[in-house]
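Engineer: As a plain string of letters, each chain reads:
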Amino acid sequence: MTPDMSVEVGALQLRGPVLAASGTFGYGTEVPLLERRALGAMVSKGIFLRPREGTAPPRIAETPSGMLNAIGLQGPGADALVRDYAPKWAGWDFPVLVNINAESASEYGELAARLDGVPGIAGFEINISCPNVEQGGLYFGNDPRAAAAVTEAVRGRTKLPVWVKLTPMVSDIGVIARAVESAGADALCAINTFVGMSIDLNSYGPRLSFRTGGLSGPAIRPLAVHLAHQAARAVHIPVIGIGGISSAEDALEFLVAGCTAVQVGTATFVNPKAIAEVHDGVAAFLEAKGFSSLAHLPRYLPRD
Amino acid sequence: MTPDMSVEVGALQLRGPVLAASGTFGYGTEVPLLERRALGAMVSKGIFLRPREGTAPPRIAETPSGMLNAIGLQGPGADALVRDYAPKWAGWDFPVLVNINAESASEYGELAARLDGVPGIAGFEINISCPNVEQGGLYFGNDPRAAAAVTEAVRGRTKLPVWVKLTPMVSDIGVIARAVESAGADALCAINTFVGMSIDLNSYGPRLSFRTGGLSGPAIRPLAVHLAHQAARAVHIPVIGIGGISSAEDALEFLVAGCTAVQVGTATFVNPKAIAEVHDGVAAFLEAKGFSSLAHLPRYLPRD
Amino acid sequence: MFLLDAPITGRRQVARGMFVIGMQAPEIASTVRAGQFVNLGWSAGPLLRRPFSVYRSDGVHIEVVLKAVGEGTRQLLAMDVGEHISCLGPLGHGFEFGAGTRTAVLISGGLGVAPMPLAARDARQAGARVTWVHGARTAVELCSETEGDEILWATDDGSEGARGTAVAASPDAELVLACGPNRMLAAVAERWPEAQVAVETYMGCGTGVCLGCAVPLQRGGYDRACREGPVYRAADIDWGALPSHLAYAVTA
Amino acid sequence: MFLLDAPITGRRQVARGMFVIGMQAPEIASTVRAGQFVNLGWSAGPLLRRPFSVYRSDGVHIEVVLKAVGEGTRQLLAMDVGEHISCLGPLGHGFEFGAGTRTAVLISGGLGVAPMPLAARDARQAGARVTWVHGARTAVELCSETEGDEILWATDDGSEGARGTAVAASPDAELVLACGPNRMLAAVAERWPEAQVAVETYMGCGTGVCLGCAVPLQRGGYDRACREGPVYRAADIDWGALPSHLAYAVTA
Ligand SMILES: Cc1cc2nc3c(=O)[nH]c(=O)nc-3n(C[C@H](O)[C@H](O)[C@H](O)COP(=O)(O)OP(=O)(O)OC[C@H]3O[C@@H](n4cnc5c(N)ncnc54)[C@H](O)[C@@H]3O)c2cc1C
Ligand SMILES: Cc1cc2nc3c(=O)[nH]c(=O)nc-3n(C[C@H](O)[C@H](O)[C@H](O)COP(=O)(O)OP(=O)(O)OC[C@H]3O[C@@H](n4cnc5c(N)ncnc54)[C@H](O)[C@@H]3O)c2cc1C
Ligand SMILES: Cc1cc2nc3c(=O)[nH]c(=O)nc-3n(C[C@H](O)[C@H](O)[C@H](O)COP(=O)(O)O)c2cc1C
Ligand SMILES: Cc1cc2nc3c(=O)[nH]c(=O)nc-3n(C[C@H](O)[C@H](O)[C@H](O)COP(=O)(O)O)c2cc1C
Ligand code: FES
Ligand code: FES
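For the record, the sequence lines run as chains A, B, C and D. Counting in the numbering used here, the first sequence runs from 2 upward without gaps. Counting in the numbering used here, the second sequence runs from 2 upward without gaps. Counting in the numbering used here, the third sequence runs from 11 upward without gaps. Counting in the numbering used here, the fourth sequence runs from 11 upward without gaps.
The hints are simulated quantities; they were obtained by calculation from the structure and are not laboratory data. Please note: incorrect hints may appear among the correct ones.
Unchecked claim - Cut-off 27 Å, straight-line C-alpha distance, at most; resulting in silico cross-link-like pairs (BS3-like, lysine-lysine):
| # | chain 1 | residue 1 | chain 2 | residue 2 |
| --- | --- | --- | --- | --- |
| 1 | A | Lys-290 | A | Lys-274 |
| 2 | B | Lys-290 | B | Lys-274 |
| 3 | C | Lys-77 | B | Lys-160 |
| 4 | B | Lys-274 | B | Lys-89 |
| 5 | A | Lys-160 | D | Lys-77 |
| 6 | B | Lys-160 | B | Lys-89 |
To be verified - Negatives, chain A to chain C, calculated, CB over 12 Å:
| # | residue |
| --- | --- |
| 7 | Lys-46 |
| 8 | Arg-60 |
| 9 | Glu-63 |
| 10 | Thr-64 |
| 11 | Trp-93 |
| 12 | Ala-147 |
| 13 | Asp-187 |
| 14 | Leu-209 |
| 15 | Leu-298 |
Model, not experiment: these values are computed from the prediction. Where is the CB? At the ideal position from N, CA and C, for every residue including glycine.
The whole structure should be built from the sequences, with the hints applied where relevant.
Structural biologist: Encoded structure:
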């Protein structure tokens, strides 16, 4: 008997705990070899209210068990998203959340208002943690008051689920997590990429045109498990674990460490079937251990 | 003609820019196959004033391109260090700095005073960044005032070079770097390990008995290069780059990014000849590029 | 698009340091078009897949041509016949061959030979007389496998064919296809704005989802080399903004 | 201590899933003592080296015995004769053989056979009559290579030899040497406090500089398995504090 893999993230009922991470799945329309049955939900590429060109190339650099990226949130803007993608999402059998980005709390609110109620859009993931935009991004993620203000601005403009994606570049993630919970977030996503740099020994300068980039991939997994766990200990809303997941065992580390669900990012680049394999692998693990439901997985979540 | 590899770290003249990192070289007495000629300096395993047992096993866990450790600063204490190791160091042809640890600013000062003037001890590296002790450690590294207080406490008790080893677990390393510079540090060491966690799917709990550990190795290199670079931009004293260096190219990334010297840690576990290979590789690079001295290596160090 | 576990079926040398690897990948071999690429991964390899143009196809096997320029290519060249490579493809848009084209010139710098055997095949099928101009630093680095109605060589040192670049050695033609270092392609764009060129960028996914392979366009903004490219109308690219010194850029 | 690039010279199977790999490593082969280990690394392998007891030595070659229990051992077993393994050793302190010992029993659980062929050799050289007791879950998992004056078997399912553990099946002797899962060694310690046991821990460096391989001692504090160990007087270890469920622990 296949175990019950469904999870509840706030009011949102998902058929499985494995989600597609923002920026690694495009708008879901171009993903090769997509096996929908395994997808709990998708978070679309980060969007701003207005179109953005993104950063100049080179945009990515490989590092040991990881990659740096500085895409710069290239995107078509909210109007094009509503026109070109949302109608397609409306017909899909899994929810799509939009990863929203802005340069001020009020602009976050404006963007949420523009997208609220559009068929096909099931919720929002607030990105307060993008390391690759000059203003905004990380700043909101570092400061509990700013993070709360952004959350409130969005919360005030929509009844849809609001998730907040945290940055790892803080000295105490629990403080930010609690601030965002109090401000009305339905769930936390932990974590976004770490800021990194790689130097080109031919040009004696950074490999990336943006100079720095966000580190993702297996290299960051132990850091991400720790941070997701710390966030989960700090709040009572669900935490979605992200960072370096490429196998069922990796996903299970986050789930045991207190996460309700997980997102898979970079692994999809390497293996287009990664999400399905992670989903199926978690189910097989539960079955082998005799758990009839993911809810029965033992958790390691001491409360302070 | 072999290029001039010597570097000046404050008042300390080193024959080469490649140093042994604390905790990965023991007390220098048990290192296999040591090629001294290539060693710019050694930093001894972190010590407390009094003996410490360290944490229960398991103490290490491997992760993609990295490892977590929670040794817990096991060590014999200052008296045994002075008795058993310093006399050996006094006969060596490279300087040995002692990595010092304590639970309060005054205890840091006390430890420095106990070791000051002991033949064989060439300086101090203040560890305000150890993730593996219950009190102290990270706390000092997170807070600019506490970091400065510790630096002053040590600075007031010794004329020897004082280096301060920074934690990466901060939202702005520049703030800590400047605080420590103002408090009288001769150099900064960036960085110590990142806090991480790994979950055992048999026991449904952390792999390490200490629960969390410090992540080191190639996985963290892009993050370390970024942080060392940010520290170097923030201050005018030398910065020593640390994190994931296992080849000459890795070391050159830190040197180009503004570091005066580097430390090699985890790589020594994998390849006992790593330090010599890094040193010789940097020399070969300079020679191939036609630089007669390391001082001529182009740097990427824009000042804000 | 297919994801196959393809056994290596053969390997041969075609120039100093340059090798062709054959793999059994029927679904890809039977659908690939000239200029398209595959994204290769293998166990204990680097994190990201590595993109390679399809060099030849017999409908069942595909071939790629490569040199060891870094760790990934070094590992690929150390693999034995019978070992498996995970093969994602065919990817990207290939060359377009208008019917009724009478003359075609294929210009390849160094490893830029990679998409040309399929291009030569298709250009001749489209009815064109094919001239292939192949350049390298020196004679021993010229790929020994070229085909067409006319073959021209160019070497930097004049050790074979014309001294100078392949672009300089090229005649004009109705259809100009080029592949090589981005610097060389910029020179092609200068002379033949309508030429079709296959560019190189770093790639994250190869499938259009990461936006890592940005190609700056004359009209502003960026395209994805892996999806809208890797083949472009030469005049459409903002060559000044396209990095031409990728660590893995092949030399001409 | 030596760091050698050792070519693989042979491989053979000795039980279900259990293989012996031979390497040419003369400096190590000519100095290794029973119970010592080597730390193996290889290109495109995991970050850290992997420790293995030396199974046999002929003065020029060394052998190790292993099963695929994870990615590292899987990769090692996939390597071919002629490929190179970086070999650091000999490491640690081995077994001690007092002169004049008349009877020795060697107790090995599963992969705990690893140090025993050398131990059998040295025990006999020291003049002892050697009894080797080897246990495993089931008959096909018993190592086929055992030696000594008397061989006893034990299997959990009774499919070969005594039903039960190797410890239970052992006679008493003047010298007791044991290797296997830490749980088994704890049972040895209970019965023969003076036994010499070779323990398993995770290791960072294998050379004494990282303090990662902590072995908790009865007298308090920790020793380094790689330096003071891996062989200990059984009564010296605080067995309750030594993890016995390492992911790679061999089963008895
Ligand atoms: C569409 C396309 C077709 C190509 N066709 C061919 C071909 O037919 N034959 C051929 O020989 N080469 C071809 N290349 C180039 C080939 O992909 C590179 O030479 C190869 O990826 C280098 O890998 P490596 O591991 O050997 O080198 P590395 O040492 O990994 O590469 C050198 C540097 O480039 C970086 N790098 C390498 N790959 C990537 C990546 N995917 N993303 C980000 N950074 C990266 C590394 O970090 C490193 O710094 C093609 C490239 C593209 C985009
Ligand atoms: C002194 C000594 C002698 C040994 N002799 C033998 C022998 O003769 N034959 C034999 O088969 N086995 C022996 N072992 C055990 C052997 O070293 C392990 O089985 C092997 O390291 C497992 O590696 P793997 O990559 O296959 O497994 P992995 O999948 O890497 O190991 C399983 C888990 O253990 C962790 N791990 C593995 N190695 C380490 C390490 N060094 N440090 C920290 N974590 C680690 C991994 O992270 C993983 O979670 C010995 C161990 C020691 C300490
Ligand atoms: C190429 C790329 C683009 C990304 N774009 C976004 C984005 O637009 N918004 C966002 O919140 N996170 C973005 N991320 C971060 C991922 O969603 C994820 O948090 C991170 O990559 C860590 O997970 P991973 O290790 O599984 O990739 C991006 C990551 C990558 C690699
Ligand atoms: C096993 C181990 C023990 C360490 N002990 C100390 C220590 O005692 N004091 C200290 O300041 N840093 C200690 N470190 C941190 C290293 O000195 C270094 O900062 C870190 O490992 C990053 O460098 P690497 O990636 O080259 O290992 C230790 C690291 C490891 C892996
Ligand atoms: S390589 Fe990912 S979009 Fe082109
Ligand atoms: S493994 Fe490093 S001290 Fe023993």
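Engineer: Would the hint linking Lys-290(A) and Lys-274(A) be met if the CA-CA limit is 27 Å?
Structural biologist: 24 Å, holds
Engineer: At 12 Å, judged by beta carbons, does Lys-46(A) keep clear of chain C as stated?
Structural biologist: For Lys-46(A), whose nearest Cβ neighbour in chain C is about 8 Å away, the distance does not exceed 12 Å, so it is violated.
Engineer: Below or equal to 27 Å on CA atoms is what counts here, so check Lys-160(B) against Lys-89(B).
Structural biologist: 22 Å, holds
Engineer: Take the C-alpha atoms of Lys-290(B) and Lys-274(B), compute the straight-line distance between them, and say whether it is at most 27 Å.
Structural biologist: Within the cut-off at roughly 24 Å; holds.
Engineer: Would you say Trp-93(A) is clear of chain C, with no C-beta pair closer than or equal to 12 Å?
Structural biologist: Since the minimum Cβ distance to chain C is about 16 Å, Trp-93(A) lies beyond 12 Å and the statement holds.
Engineer: Taking the shortest Cβ-to-Cβ distance between Thr-64(A) and chain C, state whether it exceeds 12 Å.
Structural biologist: Answer for Thr-64(A): violated, closest chain C Cβ roughly 8 Å.
Engineer: Does Glu-63(A) sit more than 12 Å from chain C, CB to CB?
Structural biologist: Contrary to the label, Glu-63(A) does not stay out of reach of chain C, its closest Cβ about 5 Å off (not over 12 Å).
Engineer: Between the alpha carbons of Lys-274(B) and Lys-89(B), is the straight-line distance 27 Å or under?
Structural biologist: Given pair Lys-274(B), Lys-89(B) holds - Cα atoms ~21 Å apart, limit 27 Å.
Engineer: Against the 27 Å threshold, does the CA-CA distance of Lys-77(C) and Lys-160(B) hold or violate the hint?
Structural biologist: 56 Å, violated
Engineer: Measuring Cβ to Cβ, find out whether Ala-147(A) lies farther than 12 Å from everything in chain C.
Structural biologist: 27 Å, holds
Engineer: For the pair supplied as a hint, Lys-160(A) and Lys-77(D), confirm whether the alpha-carbon distance does not exceed 27 Å.
Structural biologist: Judged against 27 Å, a Cα distance of about 56 Å means the pair is violated.
Engineer: At 12 Å, judged by beta carbons, does Leu-298(A) keep clear of chain C as stated?
Structural biologist: Answer for Leu-298(A): holds, closest chain C Cβ roughly 28 Å.
Checked against the numbered hints given earlier, the structure breaks hints 3, 5, 7, 8, 9, 10, 14 and satisfies all the rest.
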